[in-house]
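Note that the protein sequences, when read in sequence, are chains A and B. Those letters in the first sequence? Residues 371 to 681, by our numbering. Those letters in the second sequence? Residues 1422 to 1670, by our numbering.
Bear in mind the hints are in silico, worked out from the structure with no lab data behind them. Do not take every clue at face value.
[What the hints assert, rightly or not] From the derived model, a few chain A residues whose C-beta atoms are all more than 10 Å from chain B: (1) 536; (2) 578; (3) 582.
[Stated by the list, open to error] Simulated coverage check for chain B against chain A, where a stretch passes if three residues somewhere in it have a Cβ under 8 Å from a Cβ of chain A: (4) 1426-1435; (5) 1505-1519; (6) 1588-1599; (7) 1641-1650.
[Stated by the list, open to error] Label-pair distances were calculated between CB atoms; the ranges are: (8) A:454 - B:1628: 32 to 38 Å; (9) A:400 - B:1621: 53 to 59 Å; (10) B:1435 - A:435: 41 to 47 Å; (11) B:1491 - A:513: 51 to 57 Å; (12) A:544 - B:1532: 33 to 39 Å.
The beta-carbon is built from N, C-alpha and C at its ideal position, and this holds for glycine as well.
The lines below spell out each chain.
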Amino acid sequence: MKIICLMDVTEGRERPASRELLGAARQLKAAAGGDVLALVPASGDFSHLGAWGADAVHTLSGLDGAFSSDAHAAALALAVEELGADLLLVSAGSRGRELAPRLAARLGRPLVSECTELVHQGGLRATRPIFAGKVLLKTPVALPAILTLRPKVFTAGEEGSAAPCHDMPQKAGEMKAVVTEILAAAGGKLDVSEADIVVSGGRGVGGPEGFAPLEALAGQLGAAVGASRAAVDAGWRPHSQQVGQTGKVVNPTLYIACGISGAIQHLAGMKNSRYIVAINKDPEAPIFKVADYGIVGDLFEVVPALQAALA
Amino acid sequence: MRIVVCMKRVPDTESVIRIAPDGGAVETADLSYIINPYDEYAIEAALQLKEADGEGSQVVLLTVGEAAAESTIRKGLAMGADEAVLLQVPRDLGDPLQTARLLAEWLKSNGADLVLAGKQGVDYDHGAVPGMVAELLGWAGATAVCALTRDGTGLVVEREVEGGRERVRLPLPCVVSADKGLNEPRYASLKGIMGAKKKPLTVVDSPAQAEVLGKLEAPAARPAGRVVGQGSQAAVELARLLKDEARVL
Chain A
371 MKIICLMDVT EGRERPASRE LLGAARQLKA AAGGDVLALV PASGDFSHLG AWGADAVHTL
431 SGLDGAFSSD AHAAALALAV EELGADLLLV SAGSRGRELA PRLAARLGRP LVSECTELVH
491 QGGLRATRPI FAGKVLLKTP VALPAILTLR PKVFTAGEEG SAAPCHDMPQ KAGEMKAVVT
551 EILAAAGGKL DVSEADIVVS GGRGVGGPEG FAPLEALAGQ LGAAVGASRA AVDAGWRPHS
611 QQVGQTGKVV NPTLYIACGI SGAIQHLAGM KNSRYIVAIN KDPEAPIFKV ADYGIVGDLF
671 EVVPALQAAL A
Chain B
1422 MRIVVCMKRV PDTESVIRIA PDGGAVETAD LSYIINPYDE YAIEAALQLK EADGEGSQVV
1482 LLTVGEAAAE STIRKGLAMG ADEAVLLQVP RDLGDPLQTA RLLAEWLKSN GADLVLAGKQ
1542 GVDYDHGAVP GMVAELLGWA GATAVCALTR DGTGLVVERE VEGGRERVRL PLPCVVSADK
1602 GLNEPRYASL KGIMGAKKKP LTVVDSPAQA EVLGKLEAPA ARPAGRVVGQ GSQAAVELAR
1662 LLKDEARVL
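So here's chain B without its partners, still in its complex pose (with noise of 0.2 Å):
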């Protein structure tokens, strides 16, 4: 089974996010990178499955990104996956329709039993790419996905709904996008980590120009914090501020 994972580089999570002078984007200088969370899912999912598959099973990475992603890849790449194609871009871009079609474009081309993705980039939060790239190719799709498990010649997943969880069962090709949950990602070994340097990585120039998003601002601060009281004799004018100041209960 031939499998592509889309996934790209976020900043850290745990990063600040400050917002340039102009308003329109992000200051980049400071920011450390990550594999976005949930395509790390999707890469383990992906690596799982081959693994099961044994020989002729193959993980292609793919990515629309600027070239220092690059090295972002490379991690993908020591997780295991065999090969990766960046689809370069001059600048990231926001806009989730552009990059679908960048990437649906590629798959047409080049091919896919499966493709698996994030359920959102945790930097722009659309979590719109795989459902678009699915319905561009016109193959299935199920998003969100917390288990996976191969059903003969197709897949049966199951998706977190408004309080529980649904079973869709769906054929080959198609497009599932992982959640949190759906496996635990394995770190990079040692060894995993030379071999990336080795493994093919095709970098794609794309013509694709970032639009301009709009304006970024900080959002309202909250009012500074406030402390009540301590231990639980606290709890009493907690419940009266609660019911009478607030009026929430």
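Isolated chain A (complex conformation) (with noise of 0.2 Å):
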């Protein structure tokens, strides 16, 4: 199986679930064998990319400079043909959930979006995820076919070495839609998505000065801060923070719930973190239910207790 993995470039370097999907290539390779290859829309120096799994990297100098999502899926089509593939990677990332549908439409072959689990037995089937996580689908992938991995489900592991990587020779064509500025986050704060360590608020914060505690834990474990619909609704934190069915679908290391209850558009969300903590002054909160550590409290006290114990 030729798989290529399409790589998400800021500054120079790519995402760290650009490297997951690298990860999952060797286990689809080490099942059904064949080459893996790294597409990169950017120029530069991307050998380093063989000790995550490509056998080969392919930038595409050409796309420096301005990301325009039509002009751009133009070029990686041409590319993605030209090196030809049975199977195209991307990651579900703001930008690959962009890029995957226009290639998918472009190219004529199948998407199947945030898939969580690859297995290759006899064929290819993916994992999704579908109301928001209620069910999961197990579908049959039929190849050649693109598919989005949802980040930080699949594994990164640098174990090989270097790779040859070549420049190909695409441009960008015509731009109709331009990003023309980045608007950057105070502070550049850490994506809910992206983070190992989420600490959530919901009603129970109260108002928007009731997260400076959940802010503070946040910043001594490095982790992101994130929101209930409820919270949101309220206009307490921004939407780019929600958790749930109409927000962001989590899944880090530990997830912090603090005065959240556990509607199940939220559990949706979030029920997937590899451990969840929940603190809330109703015992008979049904986030209880999930939660591998609960402490029935206010958090008012118990998320500044915890900062100091873990001090």
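Build the complex: two chains, separate frames, hints provided.
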């Protein structure tokens, strides 16, 4: 099986989720044989991707400069056709979620989005959560196909050696939509979907200023701050931090839910976290049913106490 | 400006989703349906653009779905859309490319200056149809936007990206999908609800057949929850468990 992994590059470096694609591809190659190519939509020496699982690396220096979803999709589709691939893997980040549908439509290949498991046994089968994870769909994948993989699910491993790195001549053609500006979040805050630890607050936090102890704990742990729909709808936190069915689906190593009751649409967004901690005054709150470690108590006492205990 | 909003009906987000005994579909008998929440932001954005434009602008709702989608589409008309078209399929399609091809074909024949949609259906969660429609039409597009303004002959939108936002400029015609935060969708007024019954809703039969998706399974249940203690004195025990038992800190 020939697998192309589309790298997501910011500031000259591949994002961690891109290395996870190479890890997933390496597993498939072990089961089905074949080749793993890394496709980099930028210039630079990316031979180090060999250590993460690429047999060869192809850069597209013609795509340096402003991003355009239409022009980049066109150039990438040409590159994919030229290299030939049974499977194109794309990470389901903000960039990949924009490019993968365009590539699927342009190349006329089926798209399976946000996969969380790939198995090759006689054929390829992908698992993807639907209804925000309330149900898992196990679907056979007819090749050639395009899959997006959910970040932080597949394991990246650095173990091989450098791979040969070639540049391809594709240029970005006419650009219709163009990214004109990047507006960084204040302090370059960690995104809830990429963080290893998420400290989330809900209605029980009581107001925007109630997030201060959560911010302090998150700062100490290097965690991202998340919020429930109740907290976002009340205007206490921006939607970019909402965890749940109409927010982000997260799967950090540790999820600390503070003052969150655990509505079904919230659980859908976080119940695949490896460990869940719940802090809530109401012992009957449904969040305690999924919490590995629960504390019944006032978050304004428990969170600072936890911060002190972990210092 | 002629604005077409692609919308669909989905099970209410508070629904418990049950798998049918054959494992090939979800049980639909007890489900109540709503307008896909992200599509509501798209409808609101379309109505705001129309209101800013004044006379001559038009908002058309476009749905691929079963005959039963009609009552949900009427809710969109009640919000203020002018007319609706249902591309009626025998069973809801689960494949985004198939859906996108039906939408793009209709748009090619019927035209639009702007296509809006929700960023994803909260049922199958592909988030793929808007981008596919843009590509099939050869149009500009931007997905999951949380801000949208007219800018001369085009649009300027903002998208949330990891750790920040990006601003995208795009010409018309284009396809833009809406994220939460774009606006606050209005509630239908009583007048709107009454009026919606008389607005044109055209049903176009489509022969597209739903493909078998695969096998549905319930996710593995988490181990039963465990309460380690009450109040702030339990924090010390929690810290110990996180360090020594879970080893995550």
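The hints, checked one at a time:
1. 536: holds (27 Å)
2. 578: With a cut-off of 10 Å, residue 578 (chain A) remains clear of chain B, as the shortest Cβ separation is near 16 Å.
3. 582: holds (17 Å)
4. 1426-1435: Holds: 3 residues of the segment 1426-1435 of chain B have a Cβ under 8 Å from chain A.
5. 1505-1519: holds (count 3)
6. 1588-1599: holds (count 6)
7. 1641-1650: holds (count 8)
8. A:454 - B:1628: 32 to 38 Å: holds (33 Å)
9. A:400 - B:1621: 53 to 59 Å: Roughly 57 Å apart at Cβ, these two residues keep to the hinted range, so it holds.
10. B:1435 - A:435: 41 to 47 Å: About 45 Å separates the Cβ atoms of residue 1435 (chain B) and residue 435 (chain A), which means 41 to 47 Å holds.
11. B:1491 - A:513: 51 to 57 Å: With a Cβ separation near 38 Å, residue 1491 (chain B) and residue 513 (chain A) fall outside 51 to 57 Å, so the hint is violated.
12. A:544 - B:1532: 33 to 39 Å: Distance hint for residue 544 (chain A), residue 1532 (chain B) is violated at roughly 22 Å.
Going through the hint list in order, the structure does not satisfy hints 11 and 12.
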